[in-house]
Amino acid sequence: MAAVTNHNNKPYEPLEYSTEEGSLRIFGFWLFLAADMVLFACLFATYLMYIHHTAGGPSSKELFEVKDFMIETVDLLVSSFTCGLATLEMRRGNKKATIAWLIVTLILGLVFIGFEVKEFTGMVQEGATLQTSAFLTSFFILVGTHGCHVSIGILWMLCIIAQLATRGINAQTARKVFIIGLYWHFLDVIWIFLFTAVYLTGLVL
Amino acid sequence: MENIKHFLGNFFVTGEPMIYMADVAIVLVSLGIIFVLTYFKKWKWLWKEWLTTVDAKKIGIMYIIAALLMLFRGGVDALLMRTQLALPNLHFLDSQHYNEIFTTHGTIMILFMAMPFIIGLFNIAVPLQIGARDVAFPFLNAVSFWLFFAGAMLFNLSFVIGGSPDAGWTSYTPLAGKELDPGVGENYYLLGLQIAGIGTLATGVNFFTTIIKMRAPGMSLMKMPMFTWSVLVTSVIIMFAFPVLTVALAMLTIDRLFDAHFFTVAAGGQPMQWANLFWIWGHPEVYIVILPAFGVFSEVIATFSRKKLFGYHAMVFSMVAISVLGFITWVHHFFTMGAGPGVNSFFSLSTMLIAIPTGVKVFNWLFTLNKGKIQFTTAMLWALAFIPNFLIGGLTGVMLAVAPADYQYHNSYFLISHFHYVLIGGTVFAAFAGLTYWWPKMFGHILNERLGKWAFWVFMISFNVCFLPMYLVGLLGMTRRMYTYPAGLGWTSLNLIETIGAFGMGLGFIIMVYNIYWSARYGERDTTGDPWDGRTLEWATTSPAPEYNFAHIPTIQQVDDFYYMKKEGRQKEISKAPYKPIHMPNNSGVPIIMAVFFFIGGFGLVFEWIWMGILGGIGVLACMLYRSFETHDHHYIPVDEIERTEREAGRFS
Ligand code: HEM
Ligand SMILES: [Cu+2]
Numbered sequence: 001m002a003a004v005t006n007h008n009n010k011p012y013e014p015l016e017y018s019t020e021e022g023s024l025r026i027f028g029f030w031l032f033l034a035a036d037m038v039l040f041a042c043l044f045a046t047y048l049m050y051i052h053h054t055a056g057g058p059s060s061k062e063l064f065e066v067k068d069f070m071i072e073t074v075d076l077l078v079s080s081f082t083c084g085l086a087t088l089e090m091r092r093g094n095k096k097a098t099i100a101w102l103i104v105t106l107i108l109g110l111v112f113i114g115f116e117v118k119e120f121t122g123m124v125q126e127g128a129t130l131q132t133s134a135f136l137t138s139f140f141i142l143v144g145t146h147g148c149h150v151s152i153g154i155l156w157m158l159c160i161i162a163q164l165a166t167r168g169i170n171a172q173t174a175r176k177v178f179i180i181g182l183y184w185h186f187l188d189v190i191w192i193f194l195f196t197a198v199y200l201t202g203l204v205l
Numbered sequence: 001m002e003n004i005k006h007f008l009g010n011f012f013v014t015g016e017p018m019i020y021m022a023d024v025a026i027v028l029v030s031l032g033i034i035f036v037l038t039y040f041k042k043w044k045w046l047w048k049e050w051l052t053t054v055d056a057k058k059i060g061i062m063y064i065i066a067a068l069l070m071l072f073r074g075g076v077d078a079l080l081m082r083t084q085l086a087l088p089n090l091h092f093l094d095s096q097h098y099n100e101i102f103t104t105h106g107t108i109m110i111l112f113m114a115m116p117f118i119i120g121l122f123n124i125a126v127p128l129q130i131g132a133r134d135v136a137f138p139f140l141n142a143v144s145f146w147l148f149f150a151g152a153m154l155f156n157l158s159f160v161i162g163g164s165p166d167a168g169w170t171s172y173t174p175l176a177g178k179e180l181d182p183g184v185g186e187n188y189y190l191l192g193l194q195i196a197g198i199g200t201l202a203t204g205v206n207f208f209t210t211i212i213k214m215r216a217p218g219m220s221l222m223k224m225p226m227f228t229w230s231v232l233v234t235s236v237i238i239m240f241a242f243p244v245l246t247v248a249l250a251m252l253t254i255d256r257l258f259d260a261h262f263f264t265v266a267a268g269g270q271p272m273q274w275a276n277l278f279w280i281w282g283h284p285e286v287y288i289v290i291l292p293a294f295g296v297f298s299e300v301i302a303t304f305s306r307k308k309l310f311g312y313h314a315m316v317f318s319m320v321a322i323s324v325l326g327f328i329t330w331v332h333h334f335f336t337m338g339a340g341p342g343v344n345s346f347f348s349l350s351t352m353l354i355a356i357p358t359g360v361k362v363f364n365w366l367f368t369l370n371k372g373k374i375q376f377t378t379a380m381l382w383a384l385a386f387i388p389n390f391l392i393g394g395l396t397g398v399m400l401a402v403a404p405a406d407y408q409y410h411n412s413y414f415l416i417s418h419f420h421y422v423l424i425g426g427t428v429f430a431a432f433a434g435l436t437y438w439w440p441k442m443f444g445h446i447l448n449e450r451l452g453k454w455a456f457w458v459f460m461i462s463f464n465v466c467f468l469p470m471y472l473v474g475l476l477g478m479t480r481r482m483y484t485y486p487a488g489l490g491w492t493s494l495n496l497i498e499t500i501g502a503f504g505m506g507l508g509f510i511i512m513v514y515n516i517y518w519s520a521r522y523g524e525r526d527t528t529g530d531p532w533d534g535r536t537l538e539w540a541t542t543s544p545a546p547e548y549n550f551a552h553i554p555t556i557q558q559v560d561d562f563y564y565m566k567k568e569g570r571q572k573e574i575s576k577a578p579y580k581p582i583h584m585p586n587n588s589g590v591p592i593i594m595a596v597f598f599f600i601g602g603f604g605l606v607f608e609w610i611w612m613g614i615l616g617g618i619g620v621l622a623c624m625l626y627r628s629f630e631t632h633d634h635h636y637i638p639v640d641e642i643e644r645t646e647r648e649a650g651r652f653s
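Chains P and V, in that order, are what the protein sequence lines are. Under the UniProt record's numbering, think of the first position of the first sequence as 1, with each following residue one higher. Under the UniProt record's numbering, think of the first position of the second sequence as 1, with each following residue one higher.
Looking at chain P on its own, in the form it has when it is part of the complex (with noise of 0.2 Å):
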């Protein structure tokens, strides 16, 4: 909530942070980040404590496609980069530029979603599914959560998209254009994280 007064309303603080409401939000996000970066930390800790207990089924070396998560990787990196484009041309008040990065990112966003799916779902035709092996329960959840909080991305920032083009950049559209960017640059910090423990390890362990 924000106060009677905005006391720290300064000339050359950005819009997102020129309402009080504002820079709570942002605040609140960040711990939000953390918090969520903790649900992950266990989801990689059990990952990596079940990487060989594949009971008979198929391990890692025989499941991960190296070109596909390579293209998944740039398509993501790629996404996180056009996304701070987007940031950037928000602070400049360019609400078309704005949009269109946004739209950009959310394409990228929902090719990443492709592949993702085209992934599992061969995986689950060669019979490797989350029945399978702890291993593969872990897989699955491990990397299915990131997939899922890339989804809600999405359809988050579809939402925005629709915001700022009816209502145009104020200090409310503009924290939320900040706010899914930094959720698009932490999911992206996840992947990395996915890329080197999950995919780059399994090929080579």
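Hint data in this document are derived by calculation from the structure and do not stem from the laboratory. This list has only true hints and no planted wrong ones.
Each pair of labels, with its calculated beta carbon distance range: (1) P:Leu155 x V:Val320: 31 to 41 Å; (2) V:Gly15 x P:Asp68: 48 to 58 Å; (3) V:Leu37 x P:Val111: 46 to 56 Å; (4) P:Val111 x V:Ala622: 23 to 33 Å; (5) V:Ala622 x P:Lys95: 19 to 29 Å.
Anything over 10 Å on all C-beta distances counts as not near chain V; from chain P, calculated: (6) Tyr17; (7) Leu63; (8) Ser80; (9) Gly84; (10) Gly114; (11) Phe115; (12) Phe120; (13) Gly168; (14) Ile169; (15) Val189; (16) Gly202.
Owing to the predicted nature of the structure, the values given are computational and were not obtained by experimental measurement. Using N, Cα and C, we set each Cβ at its ideal position, and we do this for glycine too.
Please arrange chain V with the ligands on chain P, whose structure you already have, making use of the hints.
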């Protein structure tokens, strides 16, 4: 027809006279509530003033009402268990029923009684203590409350629909896995806790932001009231511990609903992983419920010793130390599960280390009392009784931390007594102390001191009658979670005494509830807003506080500044005209509706009706969507309304 009959026979819990009685009671009470609300035309009032409120003060009251109800439910469970154990070879409860009851008792007491009680106190005291108008995210605060409430209701539904969970409040795998525990009971546990847990996580974020960002001007961190400090530290623990619970519960849910293998040995899973995750959350959880209790006692002891709290800095640093150490002790809950001597030694030591900061706190309270002008009010009695009782619990805790010795105590009544001494002697005493202390601030009248003291003595003595013998019976070899025992082991008389004590605690609770009723009707009204001659800002405003808390936000100069404000006559500035319009958040029906969808989705998943789970999920998303597009979520309280409120309170100047 046969199918439907079969389905209903499984859906509703049948064959237990006590449960039929509960069914009848639930229906009658629900009809009664509906009738009263309709007869007095109170539906609209209920919706506008309470169900849709985003005011922390009201949310706090709702938390506490819910917690008292859950204390009653958990207490009835406790009395049923104690009745069954009063004498050897009783058949009051059968083994299955006993399993269900200790499970629901433990789960409800910790997650649906202790947690909401202390979170209720957060809501009531923290914004006022730091001179804020509300919490940082009032809407989210309402969501937190309603998620807790939906989770609690879902969990409580289990005993009439589908059957209660029965694998203990720790829900250890493989016992709680699908193979050994088919049916819906454990699903209730998993989903009820999941829903409530998400709400709690949001509470952590909310109060951390509130305290860091919304303190009155001049109130640096080291000038905050000690209760606020305890809430700040607790919020950090919540933010780092609750995601672990979320993950653990989700994993077991996925195992049970979708035949996955996080915890099934045959496919490579490890049951121990549950114990680890559960206690990585579970041990910090006990600090989540005890640190705010420490905070309450710090306030109460300082106020009624008429002295500044001794060792402010040491109090803060010891809490921070406890919160850090609290994350590295979890293995002490399963020393006997076969970790090597190295691991056990580490966790043994880390556990004992916590005794140091805790001891520091105890000495600080004692030094605060030292040479104080002590007033023996009810709240103070709870605080004074806390010190020796908690000490007994704490010292036996250090005994349990000695890993080799724990092989003797583990899972015996010695342990049961230990954790009840800390949970009741610590958290529950603090809840009662806080309730009595802040009651005038919540409702504008004082709880009767005479009845309050009766309740205190009856409850506190009975508590010791009930739980001291448990140490002995534990050392004599009685293990926890046993539903009956043979005669001739030397346990009989001790058990009988325990049961008498348990009913005495029940009596104490009844006196307390009667006191609430009596004081609401006849109790002394608090017209000053400062009935205890308090030291912190919550006493600077009227009782109950107006919606906007303070007409002007005061500027703070030191610790316990209100005490000095009163000396210097500065406190009048808080309500001095002229006023400015005050920005406040609007009420919203979205949180409760969202919680209803969570409930629907959760109920569906309990019965593994995936379609219903999805339906609930869509409802939740729709609520979020609605909220995302909302723009007018606040209003201004106009100056003349503030003027009217202040005039009515006799504070206008
Ligand atoms: C009226 C006061 C209470 C009485 C008489 C009481 C009694 C008992 C008894 C008899 C047991 C079961 C022992 C067994 O068979 O293993 C038990 C378990 C437990 N109690 Fe209480 N209790 C009381 C209050 C509380 C409170 C206030 C809390 C928490 C804040 C609490 C938390 C627990 C927990 C966590 C368990 C373990 C459940 C399990 O084994 O899964 N109790 N209590
Ligand atoms: Cu512990």
